[in-house]
Amino acid sequence: MEEQYTYEYELIDITFEYEYELQEDAVGLVREDEPINDVDTTQIEYDADGIPMGRTKQEIKIREKVIKDFYAKWIAEHPGKAVMNRFLKKKILIKYQSINETYSKASRTYASTKAVFKLSDILANSTLVGEVIPKKNKNQKQYNKLLYMRYENIKLTVGLQRSNSDLVQYCITVPQEKEKPLP
Numbered sequence: 722m723e724e725q726y727t728y729e730y731e732l733i734d735i736t737f738e739y740e741y742e743l744q745e746d747a748v749g750l751v752r753e754d755e756p757i758n759d760v761d762t763t764q765i766e767y768d769a770d771g772i773p774m775g776r777t778k779q780e781i782k783i784r785e786k787v788i789k790d791f792y793a794k795w796i797a798e799h800p801g802k803a804v805m806n807r808f809l810k811k812k813i814l815i816k817y818q819s820i821n822e823t824y825s826k827a828s829r830t831y832a833s834t835k836a837v838f839k840l841s842d843i844l845a846n847s848t849l850v851g852e853v854i855p856k857k858n859k860n861q862k863q864y865n866k867l868l869y870m871r872y873e874n875i876k877l878t879v880g881l882q883r884s885n886s887d888l889v890q891y892c893i894t895v896p897q898e899k900e901k902p903l904p
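FYI, in this note's numbering the residues of the sequence shown are 722 to 904.
Keep in mind that the hints were calculated from the coordinates and are not lab data. One thing to keep in mind: the hints can contain errors.
Computed list of lysine-lysine pairs in DSSO-like fashion (alpha-carbon distance at most 30 Å, straight line) [to be verified]: (1) Lys778 x Lys810; (2) Lys802 x Lys789; (3) Lys782 x Lys835; (4) Lys816 x Lys802; (5) Lys816 x Lys794; (6) Lys794 x Lys866; (7) Lys856 x Lys826; (8) Lys811 x Lys778; (9) Lys811 x Lys835; (10) Lys778 x Lys826; (11) Lys786 x Lys839; (12) Lys839 x Lys866; (13) Lys835 x Lys866; (14) Lys835 x Lys778; (15) Lys810 x Lys782; (16) Lys794 x Lys810; (17) Lys789 x Lys835; (18) Lys812 x Lys778; (19) Lys835 x Lys794; (20) Lys816 x Lys859; (21) Lys789 x Lys826; (22) Lys816 x Lys778; (23) Lys826 x Lys866; (24) Lys859 x Lys802; (25) Lys794 x Lys782.
Go ahead and model the full structure; you've got the sequences and the hints to work with.
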């Protein structure tokens with residue numbers, strides 16, 4: 722049975738719709754019968770949800786696809802691409818950069834990948850623990866400041882956009898012991 726989905730992605734100020742059919746694997750859906758970029762998945766240990774638990778390059782690649790797939794599904798279920806945060810009393814938006822930054826960072830550890838599945842709860846219930854001035858790199862230059870927020874043991878980084886003062890989810894991770902603690 723073919724299923725068809727439509728997703729909107731926002732790049733800078735241009736919005737476009739992208740349609741794909743599920744069996745085409747266009748957004749990186751992981752299928753058991755198909756290797757991911759010639760990755761041998763036979764020696765990988767998976768949890769009950771089918772997420773690899775190790776730290777090899779192959780497992781990270783699979784978790785990247787899992788996170789992208791999750792965001793695609795989440796966006797389909799939340800057409801407004803935003804959730805009201807109870808603490809800030811403002812909506813936190815999901816944009817293209819939210820997905821890119823999160824999959825590249827959260828896929829590095831199993832715990833961070835699992836945390837992404839709590840996206841709606843994280844966006845709605847996280848509390849502010851600190852603010853920083855963003856770096857001047859290409860990923861952060863569009864923000865006036867970055868807000869560090871926490872939900873359970875999960876760190877949510879939210880950017881305050883310069884252009885329109887929107888709050889945008891920047892990244893979700895579970896801090897490791899060797900990382901600096903949140904303020």
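Cross-check of the supplied hints:
1. At roughly 39 Å between alpha-carbon atoms, Lys778 and Lys810 are farther apart than 30 Å, so this suggested pair is violated.
2. Annotation: proposed proximity of Lys802 to Lys789 holds, straight-line Cα distance about 15 Å (limit 30 Å).
3. Only pairs whose Cα atoms come within 30 Å are accepted, and Lys782 paired with Lys835 is accepted, the gap being roughly 15 Å.
4. Between Lys816 and Lys802 the CA atoms are separated by roughly 8 Å; this keeps the pair inside 30 Å, and the hint holds.
5. For the suggested pair Lys816 and Lys794, the alpha carbons sit about 14 Å apart, so the restraint of at most 30 Å is met.
6. At roughly 29 Å between alpha-carbon atoms, Lys794 and Lys866 fall within 30 Å of each other, so this suggested pair holds.
7. Simply put, Lys856 and Lys826 have alpha-carbon atoms about 17 Å apart, close enough for the 30 Å limit, and the pair holds.
8. Under the criterion of a C-alpha separation no larger than 30 Å, the hint pairing Lys811 with Lys778 is inconsistent with the structure, at around 37 Å.
9. About 25 Å separates the Cα atoms of Lys811 and Lys835, which keeps this hinted pair within 30 Å; it holds.
10. Of the pairs offered as hints, the one joining Lys778 and Lys826 holds, with about 13 Å between alpha carbons and a cut-off of 30 Å not exceeded.
11. About 17 Å separates the Cα atoms of Lys786 and Lys839, which keeps this hinted pair within 30 Å; it holds.
12. Straight-line distance between C-alpha atoms of Lys839 and Lys866 comes to about 24 Å, which keeps the hinted pair within the 30 Å bound.
13. This hinted pair checks out: Lys835 and Lys866 have alpha carbons roughly 27 Å apart, not beyond 30 Å.
14. Using a Cα cut-off of 30 Å, the hinted pair Lys835 and Lys778 holds, with the two alpha carbons roughly 17 Å apart.
15. Of the pairs offered as hints, the one joining Lys810 and Lys782 is violated, with about 36 Å between alpha carbons and a cut-off of 30 Å exceeded.
16. Restraint check: the Cα-Cα separation between Lys794 and Lys810 comes to about 25 Å, which is no more than 30 Å; the hinted pair holds.
17. Restraint check for Lys789 and Lys835: satisfied, since their Cα atoms lie roughly 13 Å apart, inside the 30 Å limit.
18. At most 30 Å may separate the alpha-carbon atoms for a hinted pair to count; Lys812 and Lys778 exceed this at roughly 35 Å.
19. Of the supplied pair hints, the one linking Lys835 and Lys794 holds, its CA atoms being roughly 15 Å apart against a limit of 30 Å.
20. In summary, the hint linking Lys816 to Lys859 is supported, as the alpha carbons are separated by about 16 Å, within the 30 Å threshold.
21. Between the alpha carbons of Lys789 and Lys826 the distance comes to roughly 12 Å, so the proposed pair stays at or under 30 Å and holds.
22. Between Lys816 and Lys778 the CA atoms are separated by roughly 26 Å; this keeps the pair inside 30 Å, and the hint holds.
23. With a CA separation close to 19 Å, the supplied pair Lys826 and Lys866 stays within the 30 Å bound.
24. Between Lys859 and Lys802 the alpha-carbon distance is near 23 Å, which keeps this suggested pair within the 30 Å criterion.
25. With a C-alpha separation of about 19 Å, the suggested pair Lys794 and Lys782 falls inside the 30 Å cut-off, and the hint holds.
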